[in-house]
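*Asks:* Reconstruct the complex from the two isolated chains, following the hints.
The listed protein sequences correspond, in order, to chains X and A.
Position 410 of the first sequence, counted from 1, bears residue number 423 in the working numbering, the numbering being contiguous throughout.
Position 61 of the second sequence, counted from 1, bears residue number 160 in the working numbering, the numbering being contiguous throughout.
These are calculated hints, taken from the structure and not from any lab test.
Partner residues aside, some chain A positions facing chain X, computed with beta carbon under 8 Å: (1) Leu112; (2) Phe119; (3) Met122; (4) Val123; (5) Val126; (6) Pro127; (7) Asn130; (8) Arg131; (9) Phe135; (10) Pro142; (11) Ile146; (12) Thr147; (13) Val150; (14) Thr153; (15) Tyr161.
Sample of chain A residues at the chain X side, in silico, Cβ under 7 Å: (16) Ser115; (17) Pro118; (18) Val132; (19) Gly138; (20) Val154.
Positions of the beta carbon are idealized from the N, C-alpha and C atoms, including for glycine.
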Amino acid sequence: MSVALLIILVAAAGALLLGLAARRGHDMDLEQWSVGGRSFGTLFVFLLLAGEIYTIFSFLGASGFIYGKGAGAYYILAYLTLNQVIGYWLLPLVWRTARREHLVSQPQFFVRQYGSKPLGILVAVVGVAAMIPYLVLQFTGLGIIVSIASYGAISRPQAVWMGAAIVTTYVMISGMRGAAWNAVIKDILILTIVVFLGLYLPLHYYGGIGAMFQAIDHAKPGFLAFPARGNSVAWFQSTVLLNAMGGFMYPHVFSSIFTARGSRILRRNTVVMPLYSLMLLFVFFAGFAAIQQVPGLTGAAIDLALIKLCTQTFAPWLVGIVGATGLLTALVPGAVLLTAAATMLANDLYRAGIRPAATNAAVTRLAKALVPAVAMVAVFFTLRGGATIVALLLMGYNLVTQFFPAVAFSFARRNPVTSRGAFCGILAGTVCVVAITLTNITLFDLLPFLPVALRDVNVGLAALILNLGVTAIVSAAASLTPATVETQN
Amino acid sequence: MVSLRFSRRKLLLLCSTLPFIGMVGGVPFVNRVTPFVFGLPLPLAWITIWVLLTVAIMAGVYALDPANRGGDDPPDQRP
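Only chain A is shown next, with the shape it has when bound in the complex (with noise of 0.2 Å):
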């Protein structure tokens, strides 16, 4: 069990590197003014877009995280 929970926490890692590759890799593609979306000049655009969907990736991340699990933090071994 305990290399299991150490790869699905890695997988969730990495699914973590995906706002940096939208938000910061992605830029260079939309960076022009038009066209507006929601009124918005595309860069805005596509930067808050990727807000909301870190929000809906980073929420799936801790649903599925085995550390959001059982109690929370035991108490420290050590005195």
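Looking at chain X on its own, in the form it has when it is part of the complex (with noise of 0.2 Å):
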């Protein structure tokens, strides 16, 4: 057994220890199971979202971007910056409306907000299905990585059962707080990764982090600046502003919000998190220093660039912690992708649309028991394979997005969106999105009068437009109408 191995599989044992032993002293009812008891303070709600900045997605989704399309992944730091700004405004809010109506999941956060059970149901059916595609990815990435870092030894369909085995395991027995702990080494061990991949690959294979970039512009010129085609300025413009209203909406994102103690937490979070996101910057370098060294990925294999120029310049020992490092990295936000994926089918499809009667244990107990049915479902799409990882993240990003709108109105004084406007809006956002992902339609095919630089925008805009055209004229179709006009909360 070789050394790089051995330490992936003693990492794979420990996350499975610790995430069992965080159950200690808590009993796992629903509240405790979903949100941690509401309980977390700086450090675990800190590192819950900042879970967010550092998945498997922005370990090799990111170097992977930056080697196969260079500039077009700046998106990344920008958005992640800018969802940050909202967040100090939303976050309270939403935190506050979680703990007095003692919320666990986003559907009820409509249900309460719009008083509206349809509403709550359609949210938890685009929930879960948008957390799918994100569930694959850190399966996907979690494959790759310990495939590569293993030098074979562990085939990437085994990787991605050992994976599932492991997260399904915690999570069904810890919940959130499984996660939350995990998370904690999780970020020790990435953060440390990162910046010395980040500063030793320059440095190594091209004298310098300048020196790199010298070099790359001069073989590819304007590599490192947005292209006037495909990931154009337009592009990242629309695609920033987009990614920045929707990082919140992720179901599980939302439901991190609910296991702080307090809103001050979370404003103090949404101040210092970009710092913590500049940390990508050295993700990028270590993307840039494979383009010359690792040549000739294409397609869905630019996600191979990080881990392969590791496994090209590192002694074995040292892949080995890169590839415990991905394993952990993908490990924490299965788990808590799992978690609220699992909660919102048993609380919110089960109970709210099937069986109101059913007790907190009945559902605590049932959605437990579809953690393993969930998992399989990811794997099953992992397997199938395809698609980049920074793909799928931006179509579940799109089908997020669409809650935004209702989201933030519904905190308005006077809200004008109704429960029916916020229903159809979301609908046809929706199947705005899937309709374009299917077809693989660019919003030129849509419009081709656009001028051209137009032309790049991302399409999910053109589905929150919609959106929000639905919404507005059903909500004022409904207002009309005196007989039809709802109880709003």
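*Replies:* Here it is in structure tokens:
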């Protein structure tokens, strides 16, 4: 057995044990299991929300995107920062509602704010649909990193199955607490690794970061700025705005807000978080370093760039540590996603839609039982393969961004959006995103008369505008007919 | 006092739009590889500087925001 394989297996066992130990001293009822009993202080909340910054996406996806597309990847740094600015104002409002109403999931939030059960069910369905690609993305990255870092000793499907088994086990036992404990270890590891790789690789291969950029600019002129077509400036701007709005709308991120002990913790977090996301610069550096060292990767294989460069550069023990870090980096968000998805299926689809009389204990039992089922669905799609990590993430984001208008308007003093308006708007936006994703259409195909500069605008924007239009029309129509005026919160 | 506090929050909300203007609005004007700034290509340097400016702006907003004064989150009135 190689050193690298040994280190990865030890890390896997450690993650499992730590996840199981997190349960100690806590009675796992629904509130404890799904939102950690609403008791987390600054550190845990920070790490759970920061978990969004350092998923396997930022590790392999961001470096792969840099490697394959260049400047386009800068969008990640910009949207993570602007997302926090929106969060400063939005999160305390969400948190206060959640505490007052004892919410454990995002669909419940919609039910309380709009007084509409069907809206909650729609949000649950769309939310779970958006979380599956996100989960697939974690498993895909895990498969890549563990199989390459173990020098092929663990195959990609084996790695995916192993990761799924570990995360399923500790989520069933410890819920959010298991995720939070592992998040501490994972973030220390990944920060160290990322800074090391981002500094060492350019230095080793080019003599420094500045020298590396000059070499790349010389070899591929224009690669370091936004191109005129494709991932252009218009693409960057629209994608940054969309993702900044959508960032907190992912159901698992939304319910991570609920774990906070107080609202000031959330504000403080949003102020500091951009500094933390600045660490992505080092991921970019590592991705850039790979361009001339592991040339020739195309399509979905661009995600392999960083880890291939590692195996080519470092001794097996160091590759093993990178592999172990990648494993944890996929397991933590995986755990949060599984917890949120299972909670939503049990609480917001089963109880809200099918059996309102179900007790808390029954819902908790069902949620835990659904964890392996959700994991299996994700494993199935992972092993089918195909899309790059960034493509998966962008589709999920476009789906959850459809929630943003209804959430933001619900805090207005006199909310102009009715429950029917919100329902129809979200439905229209979702159908639009799905249609766009399945047919691979661009905005230019839809509206060929657009000026050249707007052709690369992210199609998610079209879905959001459609959503807003439908929301406005249906809300206005409802308020014109007194018979259909609904009682609002 | 209530109206004064409200308008100060509105002003702070307005300040929070600066990062959007700088980061999203500014990029078209800096979309060329050179000059390298701190060794970084110009658009990346621009975004990086704006990340730092955002932290500075939001730290100021946090310090001036009346919501962060006094005791943290009074318990809810509802049972």
